[in-house]
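Undergrad: Given next are the chains, with one letter for each unit.
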Amino acid sequence: MTAITETRELAANRRDIRPGRIIAWTLLLIGGLIMITPLLFMFSTSLKTSGQVYDLRLIPAAPTFENYIKVLGDGRFMRWFLNSTFIALTVTLSNVFFDSLVGYTLAKFEFRGRYFIFLAILSTLMIPTEMLVIPWYLMSSQLGWIDSYWGIMFPGMMTAFGTFLMKQFFEGVPNDFLEAARVDGLNEFTIWWKIAMPMVVPAISALAIFTFLGNWTAFFWPLIVTTSKELYTLPVGISSFSAESSIQWELIMTGAAIGTIPTLLVFLALQRFIVRGVMLAGLKG
Amino acid sequence: MAKIELQGLIKAYGNTRAVHGIDLTIEDGEFVVFVGPSGCGKSTTLRMIAGLEDISGGKLLIGDEVVNQREPKQRNIAMVFQNYAIYPHMTVGQNIGFGLYTSKLSKAEKQKRIEETGKILGLEKLLERRPAALSGGQRQRVAIGRAMVRDPVAFLFDEPLSNLDAQLRSQMRMEIKSLHRRLGTTIVYVTHDQVEAMTMADKIVVMRDGHILQVGSPTDLYENPVDIFTARFIGSPSMNVMEGALAKGALNIEGVTLLGLELPAHEGKVVVGIRPHDLLVGEYSGAGIVGSGVVEAVEPLGSETLVHLMLGKTLVTATAPGRVVPAIGSTVTVHAEPGALYLFDAASEKALGRA
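Chains as they are written, first to last, in our numbering: chain A, 1 to 285; chain B, 1 to 355.
Source of the hints: derived by calculation from the structure; they are not laboratory data.
Fair warning: this is a prediction, and the values are worked out from it, not measured in the lab.
It is possible that some hints are incorrect.
[Said to hold, decoys possible] With a cut-off of at most 20 Å between alpha-carbon atoms, the simulated EDC-like pairs for lysine to aspartate or glutamate come out as follows:
{"#": "1", "chain 1": "B", "residue 1": "Lys3", "chain 2": "B", "residue 2": "Glu30"}
{"#": "2", "chain 1": "B", "residue 1": "Lys110", "chain 2": "B", "residue 2": "Glu128"}
{"#": "3", "chain 1": "A", "residue 1": "Lys108", "chain 2": "B", "residue 2": "Glu53"}
{"#": "4", "chain 1": "B", "residue 1": "Lys73", "chain 2": "A", "residue 2": "Asp176"}
{"#": "5", "chain 1": "A", "residue 1": "Lys108", "chain 2": "B", "residue 2": "Asp54"}
{"#": "6", "chain 1": "B", "residue 1": "Lys107", "chain 2": "B", "residue 2": "Glu124"}
{"#": "7", "chain 1": "B", "residue 1": "Lys73", "chain 2": "A", "residue 2": "Glu188"}
{"#": "8", "chain 1": "B", "residue 1": "Lys73", "chain 2": "A", "residue 2": "Asp74"}
[What the hints assert, rightly or not] Okay, the calculated bits of chain B under chain A, using three or more residues with CB under 8 Å as the criterion:
{"#": "9", "region": "52-61"}
{"#": "10", "region": "88-98"}
For glycine and all other residues, C-beta sits at the position ideal for the given N, C-alpha and C.
Build the full structure now, drawing on both the sequences and the hints.
TA: Shown next as structure tokens:
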């Protein structure tokens, strides 16, 4: 590199350090610290004994994995973990399938009442979950779904938001692709599955990630609809540590730390899709 | 291969008619081009032939069978779309093979067909590539390959070259034409580009507002247009038109002298058309028409120069030899020989004859 280009690059780097940039970085750093502190304390507490829980040092004086051994050795915890895994995966698959199918139908087929159906689906987005819990409960009770996997899963098997998201994306798929397949002799279901679905993979990824994470962390509805401890999901199970004789913070934090691992893995593995999904769908994580 | 017949074919959207009962016979192995401006109904007609649009009235016959109610797949036709419609998540080979998705051929047989098609289209080395790694022309070839592989009774092309640059468009025109010569399959081709229609078609169908205006060979349409629209639509640059009047066997056009022309028997206002390539820059003393005007613009094309000048009150385009580039603002004389004038009735816009 010549001396002249080197000088130019240095000058360019200097120009990049503007006051606005410094403020932005500082704010982001503060925000990052605020967000990561509880996480760090969670991991820190999970390495402490019950006596050290109120010692607020970030690095425990005598770190121990005893809590992990205790939690993982407790058969109930693994059961809750598997419950959560099963429920989150089933609901995610169900959402990807049904939301896409309905979204595609609404986006690509002309039929009477299409707009009305879309508006009806969309209007359910305006009803908060808290208002829906009682009707859901009554429904579950009448259908005998209380304290069952089906009872936990049914309200989320298909969502208005997912349908809306997928409809918007399918509208972007040019009709020529579908018509070409029609001329090639494919039936409508195969066209959806083989042609349209692969063309909206970014949207499917976004929907799958958000549905999985939402169901993995779901607490309110599983708490209401389950009574037997075998059917608890991880968040409900972890919270039960505090409902017994005393609040066992070190165990709650250990359970939460283990419960965070799949979430972290999902984020790490699918970071690219999450960022793209947020940008595409205009969501907040 | 099969003959395609359109008998009083109608397409209506509610109370609006897009195609008004058109009749046309496309012979087996013929290359027919539908041409017309946007919204003239040419693509709708093609889509009705494909089975992608319901037919509101009339009959559509493919190989002597009425196919109005048949699904696209039951018609055994293949279609190439404007944006190619090749699937981005499949390789070139998979895209070509997709045309055989419902075929009962064995896997080995399908692969053989894919390879043969790839070879015909010069894609044999690209079969494993994804469409994103192909050029526009190659993508178009893949789309044609997917249509070809099925051995359909007819190919339908919906403005397939619109997305290509001028040079590639010209190359692909020749490729499609030579493919038609080799395969001998019926082709129905839709375009708004009259150059494509003229260079490729055995038969051109000119459409406007859902009606067929004229059907004929490219030369026929160029030499004997039935109305002003067809006359101006076919041929590039577009035909010049000037207002005139026929009275007592004499033709009067403002700013133009006419000599020794055989005029059709007609009285009243007329529109006179002269193709730019028949209106030549230069002094002239023979029979025909002569006029002078001020040059407004010039387009030197190398082999010739297009000169835009005011003839009377009309801006017309004339042709000069390549090396002659008149100055803007200068006055030039233009002329056309007898037989170069197309006369149309001003009210009905229908052709009256040549002069």
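Undergrad: Please go over all the hints and tell whether each is borne out by the structure.
TA: Structure-based check of all given hints:
Taking the CA atoms of lysine 3 (chain B) and glutamate 30 (chain B), the gap is about 9 Å. The hint holds against a cut of 20 Å. Distance check on the hinted pair: lysine 110 (chain B) and glutamate 128 (chain B) sit about 15 Å apart at the alpha-carbon level, within 20 Å; holds. At most 20 Å may separate the alpha-carbon atoms for a hinted pair to count; lysine 108 (chain A) and glutamate 53 (chain B) meet this at roughly 14 Å. As the CA atoms of lysine 73 (chain B) and aspartate 176 (chain A) are separated by approximately 15 Å, the hinted pair is consistent with the 20 Å bound.
Only pairs whose Cα atoms come within 20 Å are accepted, and lysine 108 (chain A) paired with aspartate 54 (chain B) is accepted, the gap being roughly 16 Å. The suggested pairing of lysine 107 (chain B) with glutamate 124 (chain B) holds, with an alpha-carbon distance near 18 Å, which does not exceed 20 Å. Our distance criterion of 20 Å between C-alpha atoms is met by lysine 73 (chain B) and glutamate 188 (chain A), whose separation comes to about 12 Å. Of the supplied pair hints, the one linking lysine 73 (chain B) and aspartate 74 (chain A) is violated, its CA atoms being roughly 60 Å apart against a limit of 20 Å.
Closer than 8 Å: that is the beta-carbon criterion, and the region 52-61 of chain B has 1 residues meeting it against chain A, so the requirement of 3 is violated. Using a Cβ-Cβ cut-off of 8 Å, 3 residues of the region 88-98 of chain B lie near chain A, which meets the minimum of three, so the contact claim holds.
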